[in-house]
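Below are the chains, spelled out letter by letter.
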Amino acid sequence: MTRNGPVALFFHALVVIFMLAPLVIVCLVAFTPENTLSLPTRGFSLRWFQAVFHHPDFVQSFWNSLWLAVLSATLAVALAVPASLAITRWEFPGRGFLNALFLSPLIIPHLVLGVAMLRLFAVVGAAGSFGWLVAAHMVIVTPYVMRLLIAAISGFDRSVEQAAFSLGASEATVFRRVTLPMILPGVTGGWLIAFINSFDELTMSIFITSPSTVTLPVRMYMYATESIDPMMAAVSALIIGITAVAVLLLDRVYGLDRILVGQH
Amino acid sequence: MSFLELKNITKRYGPLTAVGDVSLSVEKGEFVSLLGPSGCGKTTTLQMIAGFVEPSVGTIRLDGRDITRAKANSRGLGIVFQSYALFPHMTVFDNVSFGLEMQRVPKGERKPRVEEALSLVHLSPYAKRYPRELSGGQRQRVALARALVIRPPVLLLDEPLSNLDAKLREAMQFELREIQRKVGTTTVMVTHDQAEAFSISDRVVVMEAGRITQIDQPYRIYEHPETEFISRFVGKTNLLPGKVVTATGAGATVSLAGISVPVETAGLSVGETVTLCIRPEKLHLTAPAGGLLTGRVADRFFLGSQWLYHIDGPLGTLMVVTPNDGSTPAEQGAPVGLDWSPSVVRVHRGAMAEAPDVALEVTG
Numbered sequence: 097m098t099r100n101g102p103v104a105l106f107f108h109a110l111v112v113i114f115m116l117a118p119l120v121i122v123c124l125v126a127f128t129p130e131n132t133l134s135l136p137t138r139g140f141s142l143r144w145f146q147a148v149f150h151h152p153d154f155v156q157s158f159w160n161s162l163w164l165a166v167l168s169a170t171l172a173v174a175l176a177v178p179a180s181l182a183i184t185r186w187e188f189p190g191r192g193f194l195n196a197l198f199l200s201p202l203i204i205p206h207l208v209l210g211v212a213m214l215r216l217f218a219v220v221g222a223a224g225s226f227g228w229l230v231a232a233h234m235v236i237v238t239p240y241v242m243r244l245l246i247a248a249i250s251g252f253d254r255s256v257e258q259a260a261f262s263l264g265a266s267e268a269t270v271f272r273r274v275t276l277p278m279i280l281p282g283v284t285g286g287w288l289i290a291f292i293n294s295f296d297e298l299t300m301s302i303f304i305t306s307p308s309t310v311t312l313p314v315r316m317y318m319y320a321t322e323s324i325d326p327m328m329a330a331v332s333a334l335i336i337g338i339t340a341v342a343v344l345l346l347d348r349v350y351g352l353d354r355i356l357v358g359q360h
Numbered sequence: 020m021s022f023l024e025l026k027n028i029t030k031r032y033g034p035l036t037a038v039g040d041v042s043l044s045v046e047k048g049e050f051v052s053l054l055g056p057s058g059c060g061k062t063t064t065l066q067m068i069a070g071f072v073e074p075s076v077g078t079i080r081l082d083g084r085d086i087t088r089a090k091a092n093s094r095g096l097g098i099v100f101q102s103y104a105l106f107p108h109m110t111v112f113d114n115v116s117f118g119l120e121m122q123r124v125p126k127g128e129r130k131p132r133v134e135e136a137l138s139l140v141h142l143s144p145y146a147k148r149y150p151r152e153l154s155g156g157q158r159q160r161v162a163l164a165r166a167l168v169i170r171p172p173v174l175l176l177d178e179p180l181s182n183l184d185a186k187l188r189e190a191m192q193f194e195l196r197e198i199q200r201k202v203g204t205t206t207v208m209v210t211h212d213q214a215e216a217f218s219i220s221d222r223v224v225v226m227e228a229g230r231i232t233q234i235d236q237p238y239r240i241y242e243h244p245e246t247e248f249i250s251r252f253v254g255k256t257n258l259l260p261g262k263v264v265t266a267t268g269a270g271a272t273v274s275l276a277g278i279s280v281p282v283e284t285a286g287l288s289v290g291e292t293v294t295l296c297i298r299p300e301k302l303h304l305t306a307p308a309g310g311l312l313t314g315r316v317a318d319r320f321f322l323g324s325q326w327l328y329h330i331d332g333p334l335g336t337l338m339v340v341t342p343n344d345g346s347t348p349a350e351q352g353a354p355v356g357l358d359w360s361p362s363v364v365r366v367h368r369g370a371m372a373e374a375p376d377v378a379l380e381v382t383g
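Chains A and B, in that order, are what the protein sequence lines are.
Counting in our numbering, the first sequence runs from 97 upward without gaps.
Counting in our numbering, the second sequence runs from 20 upward without gaps.
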């Protein structure tokens with residue numbers, strides 16, 4: 097491995113600072129005791145966090161987002177496991193089409209998806225339904241899960257399953273005792289990536305949330321269009337915190353470099 | 020009736036015939052190896068016995084029962100895979116115990132049986148480890164214990180030693196045979212390594228392009244290869260094209276580029292084109308005029324226990340292997356005589372095939 101020279105190191109440091117600085121500043125501002133987004137601040141206070149936790153709309157939206165992310169990630173995994181097993185292992189007519197279909201939401205702008213979903217919800221009379229919101233988020237997060245699972249299953253030694261068969265295991269037992277545990281890092285990694293994506297999603301959700309199903313990013317957007325106060329920074333800090341925990345977990349169970357660089 | 024019987028087994032993949040009309044009988048307790056270069060159909064044959072591949076034609080019987088269409092998980096066979104195929108998320112103990120669990124062996128009975136299997140392969144202290152914490156040889160033993168613990172009627176080994184380094188491979192060969200003798204399980208092994216097949220099998224089945232070309236005891240295959248392919252594939256050999264000049268009831272004389280050589284093969288006819296096959300260790304170096312041929316040492320290679328000579332002579336370059344008995348070897352360029360007894364010459368009818376296939380394994 098070659099070491100970076102001083103110029104390269106300087107450049108890398110600049111990029112990292114450029115990317116991290118806004119996050120750091122938002123987190124610092126969140127602790128301000130003042131009434132405006134100001135830095136440097138005169139002291140340290142948790143008043144804006146307190147304000148968030150006492151703001152019923154934000155609390156409600158937080159729970160909405162959490163449930164939405166948990167449900168859509170779980171359902172996406174439940175759908176993607178059999179789908180990616182079928183796509184990687186069997187030759188069947190429509191296999192390429194199915195593969196493309198599952199991955200296509202990745203290349204459709206969320207804005208377009210939002211408009212389309214809005215129209216669809218109106219047609220089926222589902223406007224404002226939390227169930228349909230979950231379904232819409234599934235469409236967005238399933239491709240991420242599929243990508244990770246297909247990578248996990250492609251590197252799978254089929255003879256391990258054959259060994260289990262030869263020892264007398266039924267097909268269901270082989271899946272439960274051998275296949276699933278062996279692709280578990282891919283499953284967990286996929287779930288976490290799906291969770292993060294759903295929890296963060298704004299563009300599509302703006303179109304399809306109703307007053308009772310407003311998600312946290314949408315609530316923030318709505319609030320920020322009217323007024324900017326340090327409570328925004330506090331909410332942002334909380335989201336950054338939750339996402340960071342999820343990413344750390346992801347790195348522990350699956351390895352970030354495997355997702356981002358595509359190594360196995 | 021044999022214990023395991025394959026009758027006219029054929030497997031076609033579209034227009035391609037992977038295995039063609041293979042019939043094989045294995046007796047109870049026997050160790051049989053399927054030997055051949057890659058792509059000869061030996062692994063497909065094993066997978067049909069295991070139940071992972073369904074034959075297009077033919078029947079497989081195990082102990083009198085037709086298992087041709089039986090599912091792999093109802094056959095109860097023990098299989099050791101080339102990649103070992105251990106369950107990576109289970110400990111050694113759980114790996115071995117898995118088969119007993121599937122057979123609904125009561126929990127109290129499982130533990131002693133797993134321990135017995137692990138001690139058979141000398142792995143008792145490793146029961147709590149995970150496969151990734153073991154060396155290749157140890158993983159191989161876990162795979163063997165896992166296959167044997169269910170007391171299978173037949174043990175199938177798919178290139179079991181090919182992932183081990185040379186020294187370990189040799190040690191495992193003998194250990195494998197010893198364990199097989201101890202438990203007495205009928206065993207079918209697939210290998211492309213003739214030394215492996217010869218050293219541990221009761222019988223060797225040579226396969227070539229999806230068909231069986233010879234089934235025999237290892238030394239008989241070496242000494243009496245039935246085809247030119249086998250004589251090339253199995254060990255080193257000198258192949259000499261010739262023509263039959265005289266033939267009697269008990270033998271014949273073959274002319275090799277003008278030199279007449281006696282052979283002991285009966286039933287040849289005068290004028291017939293033949294290929295003579297002589298193993299290098301059956302040739303002797305003599306004084307320059309003392310043998311059937313004279314030649315010159317073109318090259319010599321010291322192999323430790325043996326010397327390998329390349330002798331240039333009227334028949335081209337011949338390989339000669341002599342044991343290293345401690346005496347001074349013939350010098351490079353020295354004139355030598357070559358002698359052999361007519362009884363060691365094998366005669367294949369027909370002309371010599373083209374130069375040997377590069378893919379063939381040459382194991383000294």
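No wet-lab data here; the hints were simulated from the structure.
Check before you lean on any hint, since a few could be wrong.
Said to hold, decoys possible - Short, incomplete list of chain A residues facing chain B, as computed with Cβ under 8 Å:
| # | residue |
| --- | --- |
| 1 | SER225 |
| 2 | SER255 |
| 3 | VAL256 |
| 4 | PHE261 |
| 5 | GLY264 |
| 6 | VAL274 |
| 7 | MET278 |
| 8 | PRO281 |
| 9 | PRO307 |
| 10 | VAL349 |
What the hints assert, rightly or not - In the SDA-like style, the derived pairs of lysine to any residue whose C-alpha atoms are separated by at most 25 Å in a straight line are:
| # | chain 1 | residue 1 | chain 2 | residue 2 |
| --- | --- | --- | --- | --- |
| 11 | B | LYS186 | B | SER143 |
| 12 | B | LYS26 | B | THR36 |
| 13 | B | LYS130 | B | GLU120 |
| 14 | B | LYS90 | A | ALA268 |
| 15 | B | LYS90 | B | GLN157 |
| 16 | B | LYS201 | B | LYS255 |
| 17 | B | LYS147 | B | ALA185 |
| 18 | B | LYS255 | B | ALA185 |
| 19 | B | LYS147 | A | LEU167 |
| 20 | B | LYS90 | B | ARG80 |
| 21 | B | LYS262 | B | GLY290 |
| 22 | B | LYS186 | B | TYR241 |
| 23 | B | LYS147 | A | VAL270 |
| 24 | B | LYS201 | B | LYS262 |
| 25 | B | LYS147 | A | ARG348 |
| 26 | B | LYS126 | A | GLU257 |
| 27 | B | LYS186 | B | ARG170 |
| 28 | B | LYS130 | A | ARG273 |
| 29 | B | LYS130 | A | THR269 |
| 30 | B | LYS147 | A | ASP253 |
| 31 | B | LYS126 | A | ALA268 |
| 32 | B | LYS130 | A | VAL349 |
| 33 | B | LYS147 | A | GLU257 |
| 34 | B | LYS147 | B | GLN157 |
| 35 | B | LYS130 | A | PRO277 |
| 36 | B | LYS130 | A | SER266 |
| 37 | B | LYS147 | A | VAL349 |
Just so we're clear, the structure is a prediction, and the values are computed from it rather than from any experiment.
Even glycine gets a Cβ: it sits at the ideal position worked out from N, Cα and C.
So, going through the hints one by one against the coordinates:
The restraint placing SER225(A) at the interface with chain B is violated, with a minimum CB-CB distance near 40 Å, outside the 8 Å limit. The beta carbon of SER255(A) is positioned within 8 Å of a beta carbon in chain B (closest approach about 4 Å), and the interface hint is therefore held. At about 5 Å, the closest approach between the beta carbon of VAL256(A) and any beta carbon in chain B falls short of 8 Å, and the interface hint on this residue holds. Contact between PHE261(A) and chain B, as hinted, is supported at the beta carbon level, the nearest pair being about 5 Å apart and thus within 8 Å.
At its closest, the beta carbon of GLY264(A) sits 4 Å from a beta carbon of chain B; the interface hint therefore holds under the 8 Å criterion. With 8 Å as the threshold, the beta carbon of VAL274(A) comes within range of chain B, its nearest partner Cβ sitting at about 6 Å, so the hint holds. Hint on MET278(A) holds. Least Cβ distance to chain B is approximately 6 Å, under the 8 Å limit. Here the hint on PRO281(A) is broken, as its CB sits about 10 Å from the closest CB of chain B, past 8 Å.
The restraint placing PRO307(A) at the interface with chain B is violated, with a minimum CB-CB distance near 47 Å, outside the 8 Å limit. The restraint placing VAL349(A) at the interface with chain B is violated, with a minimum CB-CB distance near 13 Å, outside the 8 Å limit. Between LYS186(B) and SER143(B) the CA atoms are separated by roughly 23 Å; this keeps the pair inside 25 Å, and the hint holds. Between the alpha carbons of LYS26(B) and THR36(B) the distance comes to roughly 16 Å, so the proposed pair stays at or under 25 Å and holds.
Our distance criterion of 25 Å between C-alpha atoms is met by LYS130(B) and GLU120(B), whose separation comes to about 11 Å. At roughly 14 Å between alpha-carbon atoms, LYS90(B) and ALA268(A) fall within 25 Å of each other, so this suggested pair holds. Restraint check for LYS90(B) and GLN157(B): not satisfied, since their Cα atoms lie roughly 30 Å apart, outside the 25 Å limit. For the suggested pair LYS201(B) and LYS255(B), the alpha carbons sit about 33 Å apart, so the restraint of at most 25 Å is broken.
At roughly 28 Å between alpha-carbon atoms, LYS147(B) and ALA185(B) are farther apart than 25 Å, so this suggested pair is violated. About 19 Å separates the Cα atoms of LYS255(B) and ALA185(B), which keeps this hinted pair within 25 Å; it holds. A threshold of 25 Å between alpha carbons decides the hint, and for LYS147(B) with LEU167(A) the separation of about 38 Å lies outside it, so the pair is violated. With a CA separation close to 14 Å, the supplied pair LYS90(B) and ARG80(B) stays within the 25 Å bound.
About 6 Å separates the Cα atoms of LYS262(B) and GLY290(B), which keeps this hinted pair within 25 Å; it holds. Proximity of LYS186(B) to TYR241(B) is assessed by CA-CA distance (about 23 Å); at most 25 Å being required, the pair is judged to hold. Simply put, LYS147(B) and VAL270(A) have alpha-carbon atoms about 22 Å apart, close enough for the 25 Å limit, and the pair holds. At most 25 Å may separate the alpha-carbon atoms for a hinted pair to count; LYS201(B) and LYS262(B) exceed this at roughly 51 Å.
Using a Cα cut-off of 25 Å, the hinted pair LYS147(B) and ARG348(A) holds, with the two alpha carbons roughly 24 Å apart. Among the hinted pairs, LYS126(B) with GLU257(A) is consistent with the structure: their alpha-carbon atoms are about 23 Å apart, no more than 25 Å. For the proposed pair LYS186(B) and ARG170(B), the alpha carbon gap of about 29 Å is over 25 Å, so the pair is violated. A threshold of 25 Å between alpha carbons decides the hint, and for LYS130(B) with ARG273(A) the separation of about 19 Å falls inside it, so the pair holds.
Between LYS130(B) and THR269(A) the alpha-carbon distance is near 21 Å, which keeps this suggested pair within the 25 Å criterion. Between LYS147(B) and ASP253(A), the direct Cα distance comes to roughly 23 Å. Compliance with the 25 Å bound is thereby established for this hinted pair. At most 25 Å may separate the alpha-carbon atoms for a hinted pair to count; LYS126(B) and ALA268(A) meet this at roughly 21 Å. At roughly 32 Å between alpha-carbon atoms, LYS130(B) and VAL349(A) are farther apart than 25 Å, so this suggested pair is violated.
Between LYS147(B) and GLU257(A) the CA atoms are separated by roughly 22 Å; this keeps the pair inside 25 Å, and the hint holds. Between LYS147(B) and GLN157(B) the alpha-carbon distance is near 13 Å, which keeps this suggested pair within the 25 Å criterion. In summary, the hint linking LYS130(B) to PRO277(A) is supported, as the alpha carbons are separated by about 23 Å, within the 25 Å threshold. The straight-line distance between the Cα atoms of LYS130(B) and SER266(A) is roughly 22 Å, inside the 25 Å bound, and the hint therefore holds.
Of the pairs offered as hints, the one joining LYS147(B) and VAL349(A) holds, with about 23 Å between alpha carbons and a cut-off of 25 Å not exceeded.
Going down the numbered hints, you'll see the structure goes against 1, 8, 9, 10, 15, 16, 17, 19, 24, 27 and 32, while the others check out.
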